[in-house]
Amino acid sequence: MPTPGDSAAEVWPLWEVFIRANRGLSHVHVGSLHAPDAAMAVRNARDLYTRRGEGVSIWVVPAAMVTTSDPDAKGAFFESSAGKNYRHASYYTKSEGVKHL
Amino acid sequence: MTTPADLTAVTAAASVEPPSPEQEQFDALIAADSRIEPRDWMPDDYRRTLIRQMSQHAHSEIIGMQPEANWITRAPSLKRKAILMAKVQDEAGHGLYLYSATQTLGITRDEMTEQLISGKARYSSIFNYPTPTWADMGAIGWLVDGAAICNQVPLCRCSFGPYGRAMVRICKEESFHQRQGFEILLEMMHGTEAQQRMAQDAVNRWYWPSLMMFGPPDDDSPNSARSMAWNIKRFSNDALRQRFVSMLVPQAEVLGVTLPDPKLRFNDETGLYEMSEIDWDEFHEVLAGRGPCNAQRLARRRAAHEDGAWVREAAAAYARKQAAAAGEVA
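So the protein lines, in turn, are chains A and B.
The working numbering applies: residue 6 is where the first sequence begins, and numbers increase by one.
The working numbering applies: residue 21 is where the second sequence begins, and numbers increase by one.
I should point out that these hints are in silico values taken from the structure, not numbers from a laboratory.
Built from N, CA and C at the ideal position, the CB exists for glycine as well.
Heads up, some of the hints might be wrong.
Unchecked claim - Quick look at which bits of chain B chain A covers, simulated, 3 or more residues with Cβ under 8 Å: (1) 55 to 66; (2) 85 to 94; (3) 260 to 272.
Stated by the list, open to error - Distance windows between CB atoms, simulated: (4) B:Ala324 <-> A:Ala94: 33 to 41 Å; (5) B:Arg72 <-> A:Arg51: 30 to 38 Å; (6) A:Arg51 <-> B:Arg177: 27 to 35 Å; (7) B:Glu333 <-> A:Arg51: 51 to 59 Å; (8) A:Arg51 <-> B:Leu98: 35 to 43 Å.
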């Protein structure tokens with residue numbers, strides 16, 4: 006399933022923009038833009054999304070290359086983690102009060 | 021015109037049939053004050069309403085560059101020129117954020133541009149007023165951007181995720197616009213008598229149109245009730261207008277300007293400001309395309325689009341050439 010907003014009818018391809026706010030942080034999606042190629046997409050992303058010191062690094066990804074999970078199958082797709090509370094540390098209460106556990 | 025009463029009738033009639041599971045899920049998300057994301061199922065009217073509101077909002081940002089661009093070459097100092105250019109660049113950016121967010125609803129950028137330059141889509145009526153003096157840059161920043169912020173802050177919590185996220189980014193940038201406008205007026209009010217008159221004149225001209233920016237009164241606002249039920253809008257037009265005026269009054273005192281409404285006064289009992297009736301005929305005239313600058317603004321936007329065609333073509337040709345060259349190397 007392609008990313009929302011990507012359409013063959015657009016004159017220029019859509020690019021998803023990710024920005025790393027600081028060294029040590031992950032790149033976070035900030036929005037999207039149209040550009041004829043990747044180099045122009047990075048330049049446009051610089052102009053559009055980093056005018057106030059928002060970041061130190063930009064990734065652009067063609068929106069057409071992003072594959073998403075099916076929102077209609079949300080329940081079934083993410084079901085396996087439901088009901089598995091024992092995966093969380095907070096599930097184990099008998100050790101309460103014991104130090105360094 | 022559809023009134024809220026009509027809508028109640030429609031809703032009552034529609035609720036005879038049991039809602040689909042998709043509708044139920046949508047309703048549950050709205051009831052939980054959660055967000056709707058682009059790939060979620062949504063009612064057609066919700067999608068249509070958002071496309072209309074978001075694209076109009078984007079168009080307003082884009083057209084809004086024009087009254088200000090008018091003063092870039094004539095700003096009174098290099099500093100003011102740089103500030104104004106940064107502000108106009110922000111407006112372009114806001115338009116682009118909003119166009120991108122609107123595209124996630126399934127409309128293309130080209131369709132939206134076409135709707136704007138053909139005159140089919142609307143944009144905020146405020147941008148159809150002329151900016152004859154430098155003081156207009158101050159009044160626009162203080163009053164127009166101030167009203168916009170009042171409107172936009174609640175939109176950060178809009179139920180449609182991409183719109184809310186775009187608005188967070190926009191609001192962060194917008195407060196600089198209001199403050200620089202306030203500062204322009206403040207400096208003029210500390211200037212010569214002629215400068216003071218110019219500042220007051222600009223405030224007089226922009227005050228009422230900025231109050232109209234909140235839209236028609238609640239009992240005459242065709243889409244409000246539904247937009248509020250969908251958590252697109254959070255406050256009614258009149259409530260936002262009241263909030264705005266109550267912020268303006270003390271600010272006007274600091275500036276030393278008067279607000280051009282002889283009836284404006286605070287009512288201790290209701291806790292609200294009483295004001296003169298807004299000239300809604302003027303509002304509807306401007307909205308219908310008969311404002312002072314409607315034709316000029318649209319013609320300018322159309323010309324910019326047509327004159328810019330070669331840039332788009334050149335960029336596409338360059339991209340093709342680069343891709344071909346990369347193919348040869350590989």
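(request) Hint by hint, work out which the structure violates, then give me just those numbers in ascending order. (result) 2, 3, 4, 7, 8
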